[in-house]
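Kindly produce the complete structure, drawing on both the sequences and the hints.
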Amino acid sequence: MPTDTIKIKRLKAMYRLRAKVDDMYTSGLEAMKDGRPVAWSMVTWWHADPVFKAMDLEVVYPENYAAMVAASGKASRYLDLCDADGFPTHLCGYSRINLGYVSRMVNGCAGGIPPEAPMGGLPKPVMMLSHSMLCDARVKWFQSLGRYMDTPVWMMETALPGVEEWNDPDVRKWSLKLVMDEIEQFIAYLERMLGRKLNRDRYDEMLSDMITLSRLAYKTFELRKATPCPMHSRDFWSVMPPYLYMSGDLKDSIDCYQALYDEVEQRVASRIGAVEPEKYRLLFAELPPWHSLEFFDRLAERGWNFVKESWAYNPPRPLEGLEDISDPVERHARFHLHVATGYHADALADDEYMGYLGYPYVKFAKDYACDGAFFHGLMTCRSASTHHPYTRELLMRKLKIPSFQVEGDLVDLRLFNAEEALRRAEVFEESMDYYRELRQQEHFPADNMQPA
Amino acid sequence: MLDTLHGMSRVSQVLADRSARIRELKAQGKKAVGYFCSYVPVEILTAMDLVPVRILGDMDEPVTEMDTVLPTSFCPFLRNCINTVFRGRYDFLDGVVGAHSCDAQEKSIHVWKSKIKYEFYHYLDMPATLHPWGADMYRSSLEKFKSSCEAWTGKPLSGEALEASILAHNRHRSLVRELYELKRFDPPLVSGSDTLRILTAISGLPVDEGSALLEAVIQEARAGKIQADTQDKKRILVVGACLDALPLIRLIEDFDADVVMDDNCMGARTYFRDVSITKDPMQGLASRYLDLTCARTFRETVAGEFRKDHAADLETRFAHLGNYIEKWRVEGVVIQLVRFCDPFGYEVPELKDYLNSINIPNLYLETEYTTGSLAPLKTRLQTFLETLL
Ligand code: SF4
Ligand code: SF4
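Residue numbers (our numbering), protein chains in the order written: chain S, 690 to 1141; chain L, 2 to 390.
A few of these clues could be false.
Residues on chain L that point at chain S, a partial pick, calculated with CB under 10 angstroms [unchecked claim]: (1) 68; (2) 103; (3) 107; (4) 300; (5) 306; (6) 346.
No lab work stands behind these hints: they were computed from the structure. Just so you know, even glycine gets a beta-carbon here, dropped at the ideal spot from N, CA and C.
Have a look at this one:
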């Protein structure tokens, strides 16, 4: 990771949270050394994580690990192996790193961790958890590891109801039932595999901590609506893993988040922006170029502050009445289901139907008074790029907010050309100025206007 | 009347303008519903007196209308199909049904719904596994599809009408299988390209008209009127996702080979499994559709196993291909993948493992779903076909 510059004012409380992602891998490796089981999991948007935690099973996330391999510049060896083994090159870049990693582990290292693997490597799992949310890679990738390892895969389903359908009580009912059934069945599977019962009190406690943490994170990020915005996307990405992966001790994460909240609140009170002077407020669509984060410093020098990111990495909107649900499985299921449906009602009211990946940007652009949106197209991640053309048009049509698209990839770092992107960013400022004026002339809602 | 011609002449006539017959039917007060994917239960549409129309792409048509719809790093097949819609080729549709069969299908239906306002849209959420509790959800999802059609048309759907429709579609499917039986001959009585032309024609006709057309072409084929060629050719199976375009098949045929069998959405995958006639027709539909042999389904040999048996896993996922290979005396397999197709993309190495395990030569080809993108594949294809004994 590049060193911080004075251009983006990093939050002090961020550092403790950022370190937690390292803890996740260290714990996984320690578990392996102690002979304790380790699981691999897709990101499940809280569908499986509390169960893993309550069962005391160490979990690592190959998606996240692959991002770190890519950022460390060590991806090519694994990508080459994946290609040589016959996987198409258009598949999710993170999965290609992992497939190549496993190929090397099994065929080149007798099942052990490859010595060159960053962060000490990924320990061999006792099981892998696939999940059906958001992309087909997450359903198929672990299955295709079967040619290397005899590790079983448990596939966890979720419901993905459409915007209009979500208005229908029957659809809500069966979606909830599916998500609950999946939790129960997954618990039963882990109990059989590990030969121990889930401690339901501990599970309940994990759920409470998960909800507390997520709400606290949500409340913290809401403070970013302030002008100037006190927290830049770079800090957001750094503090994301503790709640998205529930990495490390949850109570400690809650403490860390409280400290983050206090610091951000303090900045708001003192009108301190993460970028000063804040000339432009931007949305960032999907994942950043991890290997070129200094790019944001260069933009910060131009007064660009990134104030909000994708729905997919933000905590869900707090759901009223969750605490009143006595059945922990139902509480858990409702929390998870709310992730993908939390913006459906807003989308429906606006006659738009891409309710999770697309529409939340409209809401964010309004609430966070954005001047523009930066779309980072990721060639090999369908989830992070399918909705871009539609969403860009939507932002313009509904709010007259311009956007610009820069091509990149999860792992093919050459695709992202920072210099070229910076040149285009300069030109894009004219667009942001033009539309800001236009919005003022046309009296767009006040929350969508940037104070002069 | 447009349907005065019979057999292959009628097939050519339908293909010259797939919308012509639909427009006639619409003039009689019928409504047409578009869909992309084999996971849309057409039986329900037919039972509601709606005309299901499979939306197809056009490999020769440039994609011009997708700049604000779908990105270039997206399934080029679906992008092309939606492009044809946006260019007005399906302007006769009254409604659209999308299924969550793959991620690309699921996402595009939502974008499409936001962009073009039809009278009727339905999105069918469906599980990715064969978990029994997922099947319950899918059954409910089908019930909802039925009630949403009822609400739109203002007509209730009776159990008898649904059963009659299931029987009609089963008959239709059995006729397609009969057609495929004629491809077991050596040389086959119907070529791969003619098969695809026939399947394309019936995919936009009401089920009974499609069946009548199938009967006529089967008769012609039996009489040797379709495949005059008696030359000995290599017998090829093409496996892939959504193969609705002739150019690839023609390319294979150009090299003295014949596509005698397939496993794709326009062909065997859609027609080789019937709906069981059960007391509860919805249950029959749910079981049939969830169990189609498509890569989109996460299929397990033993649900909840603690150790994966790879050989058994391959058998569970690909044994149907082994059966086809044996029965149609296939000499080589072409694995055809459109770029950016993830469900099938992840299968490629294991599919090759399976085919190698049964000693069948195979070739993997990736296309961009444009005729132009086929040209560079020619040499590899030719070399492969020449190596087949
Ligand atoms: S395609 Fe994108 S969302 Fe899917 S597994 Fe890969 S990185 Fe994750
Ligand atoms: S080709 Fe693949 S990605 Fe495209 S619609 Fe078919 S299954 Fe989905």
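Consistency of the hints with the structure:
Interface hint status for residue 68 (chain L): upheld, as the beta-carbon distance to the closest one in chain S is roughly 6 angstroms, under 10 angstroms. Look at residue 103 (chain L): its Cβ gets to within about 6 angstroms of chain S, closer than 10 angstroms, so that hint holds up. Contact between residue 107 (chain L) and chain S, as hinted, is supported at the beta carbon level, the nearest pair being about 7 angstroms apart and thus within 10 angstroms. Interface restraint check for residue 300 (chain L): the shortest CB-CB distance to chain S comes to about 9 angstroms, inside 10 angstroms, so the restraint holds.
The interface hint given for residue 306 (chain L) is met, as the beta carbon of that residue sits about 5 angstroms from the closest beta carbon of chain S, less than 10 angstroms. Proximity of residue 346 (chain L) to chain S holds as hinted, the smallest CB-CB distance being about 4 angstroms (cut-off 10 angstroms).
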